[in-house]
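Engineer: Residues per chain are reported as follows:
There are 2 protein chains.
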Amino acid sequence: MPPFLRRYLPILDWGSQYTRQTFESDALAAVIVTIMLIPQSLAYALLAGLPAEMGLYASILPLVAYAIFGTSRALAVGPVAVVSLMTAAAVGNFGLTDPRAIALAAITLAFISGAFLTIMGLLRLGFVANFLSHPVIAGFITASGILIATSQLKHVLGVQASGHNLIETLGHLLGNLGQTNFWTLIIGVTATAFLFWVRKGLKPLLLKSGVKPRLADVLTKAGPVAAVVVTTLLAWIFGLADRGVNIVGDVPRGLPPLSAPSADWEMWKALIGPAILISIIGFVESVSVAQTLAAKRRQRIDPDQELIGLGTSNIAASLTGGYPVTGGFARSVVNFDAGAETPAAGAFTAIGILLAALLLTPLLYFLPTATLAATIIVAVLSLVDFSVVRDAWKFSKPDFFAVSATILLTLGMGVEVGVSSGVVLSIFLHLYKTSRPHVAEIGLVPGTHHFRNICRHKVMTDPAMVTLRVDESLYFANARFLEDYVYDRVVGDTQLKHVVLNFPAVNEVDLSALESLESILHRLKDMGIKLHLSEVKGPVMDRLKRSHFLEEMNGRVFLSQYDAYMALSGNATLSEAAE
Amino acid sequence: MPPFLRRYLPILDWGSQYTRQTFESDALAAVIVTIMLIPQSLAYALLAGLPAEMGLYASILPLVAYAIFGTSRALAVGPVAVVSLMTAAAVGNFGLTDPRAIALAAITLAFISGAFLTIMGLLRLGFVANFLSHPVIAGFITASGILIATSQLKHVLGVQASGHNLIETLGHLLGNLGQTNFWTLIIGVTATAFLFWVRKGLKPLLLKSGVKPRLADVLTKAGPVAAVVVTTLLAWIFGLADRGVNIVGDVPRGLPPLSAPSADWEMWKALIGPAILISIIGFVESVSVAQTLAAKRRQRIDPDQELIGLGTSNIAASLTGGYPVTGGFARSVVNFDAGAETPAAGAFTAIGILLAALLLTPLLYFLPTATLAATIIVAVLSLVDFSVVRDAWKFSKPDFFAVSATILLTLGMGVEVGVSSGVVLSIFLHLYKTSRPHVAEIGLVPGTHHFRNICRHKVMTDPAMVTLRVDESLYFANARFLEDYVYDRVVGDTQLKHVVLNFPAVNEVDLSALESLESILHRLKDMGIKLHLSEVKGPVMDRLKRSHFLEEMNGRVFLSQYDAYMALSGNATLSEAAE
Chain P
1 MPPFLRRYLP ILDWGSQYTR QTFESDALAA VIVTIMLIPQ SLAYALLAGL
51 PAEMGLYASI LPLVAYAIFG TSRALAVGPV AVVSLMTAAA VGNFGLTDPR
101 AIALAAITLA FISGAFLTIM GLLRLGFVAN FLSHPVIAGF ITASGILIAT
151 SQLKHVLGVQ ASGHNLIETL GHLLGNLGQT NFWTLIIGVT ATAFLFWVRK
201 GLKPLLLKSG VKPRLADVLT KAGPVAAVVV TTLLAWIFGL ADRGVNIVGD
251 VPRGLPPLSA PSADWEMWKA LIGPAILISI IGFVESVSVA QTLAAKRRQR
301 IDPDQELIGL GTSNIAASLT GGYPVTGGFA RSVVNFDAGA ETPAAGAFTA
351 IGILLAALLL TPLLYFLPTA TLAATIIVAV LSLVDFSVVR DAWKFSKPDF
401 FAVSATILLT LGMGVEVGVS SGVVLSIFLH LYKTSRPHVA EIGLVPGTHH
451 FRNICRHKVM TDPAMVTLRV DESLYFANAR FLEDYVYDRV VGDTQLKHVV
501 LNFPAVNEVD LSALESLESI LHRLKDMGIK LHLSEVKGPV MDRLKRSHFL
551 EEMNGRVFLS QYDAYMALSG NATLSEAAE
Chain C
1 MPPFLRRYLP ILDWGSQYTR QTFESDALAA VIVTIMLIPQ SLAYALLAGL
51 PAEMGLYASI LPLVAYAIFG TSRALAVGPV AVVSLMTAAA VGNFGLTDPR
101 AIALAAITLA FISGAFLTIM GLLRLGFVAN FLSHPVIAGF ITASGILIAT
151 SQLKHVLGVQ ASGHNLIETL GHLLGNLGQT NFWTLIIGVT ATAFLFWVRK
201 GLKPLLLKSG VKPRLADVLT KAGPVAAVVV TTLLAWIFGL ADRGVNIVGD
251 VPRGLPPLSA PSADWEMWKA LIGPAILISI IGFVESVSVA QTLAAKRRQR
301 IDPDQELIGL GTSNIAASLT GGYPVTGGFA RSVVNFDAGA ETPAAGAFTA
351 IGILLAALLL TPLLYFLPTA TLAATIIVAV LSLVDFSVVR DAWKFSKPDF
401 FAVSATILLT LGMGVEVGVS SGVVLSIFLH LYKTSRPHVA EIGLVPGTHH
451 FRNICRHKVM TDPAMVTLRV DESLYFANAR FLEDYVYDRV VGDTQLKHVV
501 LNFPAVNEVD LSALESLESI LHRLKDMGIK LHLSEVKGPV MDRLKRSHFL
551 EEMNGRVFLS QYDAYMALSG NATLSEAAE
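The listed protein sequences derive, respectively, from chains P and C.
Sequential numbering from 1 applies to the first sequence in the numbering used here.
Sequential numbering from 1 applies to the second sequence in the numbering used here.
Accuracy of the hints is not assured; some may be wrong.
Copies of the same chain are indistinguishable here, so a pair counts whether it falls within one copy or spans any two.
Below, simulated DSSO-like cross-link-like pairs (lysine-lysine); rule was C-alpha separation at most 30 Å, straight line [as the list claims (entries may be wrong)]: (1) 497 to 545; (2) 537 to 394; (3) 525 to 545; (4) 458 to 537; (5) 212 to 525; (6) 525 to 200; (7) 296 to 545; (8) 545 to 397; (9) 296 to 212.
Calculated directly from the structure, the hints in this document are not laboratory data.
Values in this document were obtained by computation on a predicted structure and should not be read as measured data.
Work out the full structure, taking the sequences as your base and the hints as a guide.
Structural biologist: Encoded structure:
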């Protein structure tokens with residue numbers, strides 16, 4: 001079989017060694033994940049501002065696509081909280097009201113994001129995800145968690161409220177607090193309390209009362225389903241809908257519909273930006289959980305192939321009435337703990353959700369949205385983690401600045417502004433840091449061949465010669481800094497005859513840096529000062545040879561700084577700088 | 001006098017030592033620059049799509065402002081070609097037709113750009129200019145030169161043509177070629193030819209015929225004035241205006257008007273982006289010429305104070321009916337060669353231009369725009385220089401890529417898209433380069449304490465231990481690369497017990513890199529492998545101590561790689577990798 005097939009179709013790898021035993025573990029994992037995914041998929045569709053069934057549709061074919069193209073053995077793909085929130089923001093920009101139009105926008109978003117991810121994967125551009133700094137992502141996820149939880153409060157209270165940022169949403173909530181619906185509040189609060197208890201208190205209890213760990217796990221994961229079943233029954237029996245409790249209502253029964261992205265170029269233009277953000281955020285999240293889980297079993301995942309896996313999943317979503325999906329953290333961990341051994345587990349989960357779409361949807365009619373909101377709130381609060389802010393503060397101020405800005409901007413101005421500014425800011429801060437490389441004026445340690453910083457050690461220096469050691473590669477952002485540094489040092493120093501640039505730590509010189517070296521050279525020439533280089537690394541020397549710099553130089557290139565010192569220093573004296 | 005006054009008002013420095021002799025040199029330089037500036041200021045206003053007098057207004061108060069706040073002794077501020085082109089582009093975006101509205105937009109642009117520069121200066125943000133790589137700027141200037149020259153052809157031919165990019169403009173030109181005006185063509189072509197000759201041929205001729213060099217200089221600089229005078233007389237005598245030759249027409253006589261930026265927020269929103277681009281491009285150009293000239297006399301310029309100097313000049317322009325200004329390259333060189341010793345020369349030039357505005361404007365009525373176009377064409381073609389493309393190709397492919405993209409995008413999509421994409425691209429390429437640091441697996445050179453790359457040398461290695469030397473500081477863009485690198489190396493290697501990361505070349509570790517180190521650690525733990533560090537630099541060690549990484553580590557931190565090797569390697573063997 002041609003190797004590129006193996007690369008682009010990982011299923012051929014694990015599929016060929018698929019055994020009955022593997023099947024059993026995958027199937028069990030699939031059951032547990034299905035139980036967990038049904039309420040989640042409905043809830044996240046609600047969070048994305050879409051009809052509940054789109055959550056189910058997004059959890060069928062996309063999982064199959066990932067099972068074929070994905071490289072992670074444990075990643076569970078489907079609707080996730082943050083991406084659903086970003087979908088809501090992106091689709092919300094259109095201010096659409098017609099549900100069909102809203103669904104079409106979400107489908108188009110999934111298609112663009114899928115195409116983008118797939119192309120990135122084919123071009124092997126997985127590394128781009130590295131340009132998002134960890135603290136920015138962490139801050140963004142935390143802020144999103146808060147935004148999501150608040151956005152769900154309206155369902156728990158049974159009031160109207162909207163807004164893409166915290167202030168707006170809270171404003172609406174407080175404004176409409178008066179219209180709180182008693183029954184909705186009861187259901188919402190008890191469901192939330194119950195789910196928190198299930199998460200924290202249930203498992204230990206079961207274990208104490210002698211239930212097998214594996215079963216206890218399943219039961220715990222089934223918590224949301226229990227909440228759904230009970231509250232649905234209550235709503236049905238007591239006709240809570242007539243008491244103003246908001247229920248899911250008609251969920252079409254049957255196979256996912258065939259769908260296609262919009263052909264409206266205006267809509268594409270408006271969605272491309274958000275789609276790229278969603279793709280990259282989704283990819284980074286998904287790839288890091290996939291890598292963590294793979295590592296536990298000494299397995300490999302291929303980030304570029306992951307792009308293709310997630311890309312095809314999103315395209316699959318857009319073709320079957322779904323919306324943007326990615327690998328979910330909690331879900332994948334469950335899948336892994338439940339013993340999933342291959343991506344087939346995902347395919348089996350898809351079958352589970354398909355059955356739900358075929359059989360259970362009528363039963364969801366009376367399901368109170370407050371219950372779904374409760375499952376979301378309990379799920380996302382685990383995303384909220386401010387420790388990164390504290391760590392950043394302790395560890396490095398620029399990172400602290402980037403993460404705080406990301407959190408505040410996400411809360412204050414919404415997900416899109418938040419994450420984009422975080423990325424720009426972290427790149428800017430990095431350029432800023434490297435734009436001021438460490439440069440030390442060095443002299444000879446008496447009786448040795450070593451050179452040290454004249455500010456820190458008693459060393460031999462010569463008034464006619466200055467040696468500057470540059471501790472960073474030279475590129476456009478720090479080239480002019482060196483220019484100014486050299487210039488500040490030499491200007492007005494009339495005794496000076498020689499400037500030596502000591503390059504042991506310079507790994508690279510780009511064209512901007514070359515031009516700065518040239519202007520340093522020309523300025524020194526104008527001042528009648530000679531420019532020399534010492535300890536230039538091989539690759540840098542090769543680079544310089546490709547330019548005219550070495551011919552134009554009025555000084556020499558010394559192999560060692562000691563040679564330079566011996567050749568250039570006439571009457572060296574011991575520096576007084578020390579102590 | 002308080003030091004901050006000295007810093008923010010450089011005039012107090014040189015003003016206090018101002019002598020009669022300094023005055024004489026400054027005055028002479030001012031005369032020459034004035035002669036050069038009068039036609040240029042009219043021409044560049046034309047290029048910016050503004051009434052000619054705005055060029056004069058932009059050459060009066062702004063020069064005084066710079067004389068007070070600027071730090072360069074030779075920089076000649078005023079309208080320049082590239083900034084005029086960018087002004088045309090920015091103002092053109094509004095599609096305005098009413099001349100007063102157009103003038104107001106240009107005035108507002110000058111104000112925003114002035115405010116931006118001044119604030120940058122007060123915040124000491126001069127370093128931001130370093131984020132523009134030299135090749136990107138060079139490519140942008142070259143492309144702009146071509147755009148400007150083509151944009152002026154319509155005046156030489158006397159036809160209608162517009163467009164913000166090369167294709168549009170050429171298209172219009174060719175389309176309207178039929179309407180070429182014979183007399184305009186004659187004037188345009190002869191003026192251009194004459195000016196080229198003056199530039200290349202006149203000075204040697206004068207010197208041969210025994211004219212003093214200084215005088216020869218003045219006469220050469222007076223070329224454009226001669227062209228203006230002669231063609232104006234011809235247009236007047238032969239009534240060329242009636243023969244379809246486009247003339248400047250009424251230029252209001254008198255002092256510059258008082259003006260103020262628009263209060264229309266919509267206009268501000270549309271102009272802020274272009275204003276920032278204009279400011280940064282103008283600043284970078286101006287500061288590099290200022291530095292070059294200052295160096296020739298061992299003087300200093302302060303980039304942050306330059307921002308304030310140029311900022312106040314632009315604010316001054318916006319208050320007196322001008323448009324964005326900056327330090328002109330050719331003009332400053334002339335000013336310097338003519339012997340300008342202090343910024344006072346600029347103030348004297350302002351007086352010269354003021355007199356022109358008061359006395360000469362009526363004489364400009366019959367001046368053919370073709371003549372002004374000719375002066376622009378001859379001036380800007382000196383900006384066009386493709387050598388940077390060749391140098392970049394020879395020197396570094398990423399730089400070549402950035403510069404070519406900048407040139408093509410500027411020509412094809414206009415100045416704003418061109419320069420912005422150039423900046424983004426060069427930053428992206430830099431991140432890409434540093435996102436793949438050099439990592440070498442090293443072993444012990446037998447009989448020494450040195451460690452070398454196992455791929456290049458015959459060294460001692462131990463199957464139970466792998467040592468990786470990282471040759472770059474670790475930050476978010478390359479953190480995950482190291483994660484994958486280590487992971488690829490260890491996965492499936494069942495003999496492995498120890499991984500040593502050798503950090504002599506790691507100058508910095510940011511929070512993202514710390515988190516990558518932590519996930520490397522946790523993955524290795526999951527695999528039952530110990531992680532060790534060796535030769536960690538002091539600052540990096542201090543950083544790590546501020547985190548929990550060192551406590552969590554299952555391995556040790558060794559001062560030298562040799563210690564690590566001695567402690568960890570059980571049965572080392574000579575590697576076969578060599579040769």
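Engineer: So, for every hint listed, does it hold in this structure?
Structural biologist: Hints, verified against the model:
Taking the closest pair of Cα atoms, residue 497 and residue 545 come within 30 Å of each other only inside a single copy of the chain (25 Å); across copies the shortest separation is 44 Å, beyond that limit. In the homo-oligomer, the alpha carbons of residue 537 and residue 394 lie at most 30 Å apart only across protomers (19 Å), although the nearest pairing inside one protomer, at 36 Å, exceeds that limit. Taking the shortest Cα distances, residue 525 and residue 545 sit within 30 Å of each other inside one copy (20 Å), while across copies they are farther apart (47 Å). Both within a single protomer and between protomers do residue 458 and residue 537 lie at most 30 Å apart by alpha-carbon distance, with minima of 28 Å and 22 Å respectively.
Taking the shortest alpha-carbon separations for residue 212 and residue 525, only the inter-copy value of 28 Å comes in at or below 30 Å, while the best intra-copy value is 83 Å. With identical chains, the CA atoms of residue 525 and residue 200 are at most 30 Å apart between copies only, with a shortest distance of 27 Å across copies and 74 Å within one. With identical chains, the CA atoms of residue 296 and residue 545 are at most 30 Å apart between copies only, with a shortest distance of 27 Å across copies and 49 Å within one. Proximity of residue 545 to residue 397 under the C-alpha cut-off of 30 Å is restricted to the inter-copy arrangement: shortest distance 15 Å between copies versus 40 Å within a copy.
In the homo-oligomer, the alpha carbons of residue 296 and residue 212 lie at most 30 Å apart inside one protomer (24 Å), although the nearest pairing across protomers, at 85 Å, exceeds that limit.
The structure is consistent with each of the numbered hints, conforming to all of them.
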